[in-house]
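Novice: Counting from 1, one number per residue, gives the positions in the sequence shown under this note's numbering.
Do not rely on the hints blindly, as some may be mistaken.
Label pairs and their calculated CB-CB ranges [as the list claims (entries may be wrong)]:
# : residue 1 : residue 2 : range
1 : 98        : 139       : 39 to 49 Å
2 : 68        : 93        : 14 to 24 Å
3 : 78        : 51        : 15 to 25 Å
4 : 54        : 77        : 16 to 26 Å
5 : 234       : 142       : 18 to 28 Å
6 : 206       : 132       : 22 to 32 Å
7 : 263       : 124       : 39 to 49 Å
8 : 91        : 175       : 40 to 50 Å
9 : 93        : 142       : 21 to 31 Å
It should be emphasised that the hints constitute simulated quantities derived from the structure, not laboratory data. All residues carry an ideal CB built from backbone N, CA and C; glycine is no exception.
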Amino acid sequence: MIHIRANNTMMKRGVYIIMLLSVGVLAFSSDLFAAAPAPAANPGPSSGATVSNTEFMLSWDPSAGATGYYVFLSDTNPPDYAGSTAGTTWPTSVLTDETTYYWKVIAYAGSDNASATVWNFHIDVPEKLAWAKKSGGANVDVSQGVAVLPDGSAVVTGYFQGTATFGPGEPTQVDFTSYGLYDIFVARYNRYGDLVWAKQAGDLGEDLGTAVAALPDGSVVVTGSFQGTADFGGANLITDSATSDIFLAKYNADGSTAWAVSAGGLCPENCSHCNGDGEDPCTFCGGRRGRILPHVLRVGR
1 MIHIRANNTM MKRGVYIIML LSVGVLAFSS DLFAAAPAPA ANPGPSSGAT VSNTEFMLSW
61 DPSAGATGYY VFLSDTNPPD YAGSTAGTTW PTSVLTDETT YYWKVIAYAG SDNASATVWN
121 FHIDVPEKLA WAKKSGGANV DVSQGVAVLP DGSAVVTGYF QGTATFGPGE PTQVDFTSYG
181 LYDIFVARYN RYGDLVWAKQ AGDLGEDLGT AVAALPDGSV VVTGSFQGTA DFGGANLITD
241 SATSDIFLAK YNADGSTAWA VSAGGLCPEN CSHCNGDGED PCTFCGGRRG RILPHVLRVG
301 R
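Let's have the full structure, built from the sequences with the hints guiding it.
Specialist: This is how it looks when you write it as structure tokens:
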């Protein structure tokens, strides 16, 4: 019987040939003497950290004796297998904001491996400006209300005086000229800030858009006040007196007018806000000049 002893010093991996005078040649692998790799340590990001990016590199310190690493990463614990690498970094895919992720690294050498503890980090990307747009002209231009639609686009309403340009320099640019003192505008921008459409409404009086609400089907409702008569793209309204009345107008997703209605009496009326939640009728709120308490009207779609 031949006895082979290895001391506490790790032998280099490979195949060793020993010449024995009385036996011949004996071959053996140094794996017989290799120690198991050390567990991966010092994770980056550190466990429990908050990360402000959704795509970055995971990292860890080299493990003594390791020839490679199995990487596990997911938003569940224990994490799912992601892949393997011979290095000490791993690129994440695009992760989800406001989500906690779990990950670990298993160092391996041949058939031996050493699993690290499960680490975690939280994604929290600070809010930052996506886009900003300028519209209007040389006179008074005021935005009064804005709403966000399900697809991420935004609709804004207000009023303008004289001439006003929406989406300057864009293929969808629109130029308006007011019919009277002030006219109403309604403009829709996609999620990237490009003008989708813009509409003008009003006539010779003081016509103001003051609030807008988005509906689940992509349409919008706009409210405000008008004097005398007002044209909402084919839907014409007339006040009940020489003073202002409230209006509510619905625009389809493509900007075409669905309908427009008015409400009012002998005193001047205005409207402060509107909403259109779920399948309920549109609700808009206004008040008569000189009164403190508002009145609420509900209009079916």
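Novice: In this structure, is the beta-carbon distance linking residue 54 and residue 77 contained in 16 to 26 Å?
Specialist: holds (20 Å)
Novice: Do residue 91 and residue 175 keep their Cβ atoms within the hinted range of 40 to 50 Å?
Specialist: About 48 Å separates the Cβ atoms of residue 91 and residue 175, which means 40 to 50 Å holds.
Novice: I want to verify a distance hint. Is the separation of the beta carbons of residue 98 and residue 139 within 39 to 49 Å?
Specialist: With Cβ atoms ~43 Å apart, the hint holds.
Novice: Looking only at beta-carbon atoms, does the pair residue 263, residue 124 fall within the given range of 39 to 49 Å?
Specialist: holds (46 Å)
Novice: That 15 to 25 Å hint for residue 78 and residue 51 (C-beta), does it hold up?
Specialist: holds (20 Å)
Novice: Would you say the C-beta atoms of residue 206 and residue 132 sit inside 22 to 32 Å of each other?
Specialist: Between residue 206 and residue 132, where Cβ atoms are some 28 Å apart, the hint holds.
Novice: Lying within 18 to 28 Å: is that true of the beta-carbon distance residue 234 to residue 142?
Specialist: holds (25 Å)
Novice: Range hint 14 to 24 Å: satisfied by the CB atoms of residue 68 and residue 93?
Specialist: holds (21 Å)
Novice: So does residue 93 sit 21 to 31 Å from residue 142, Cβ to Cβ?
Specialist: violated (45 Å)
Of the numbered hints stated above, the single one contradicted by the structure is hint 9.
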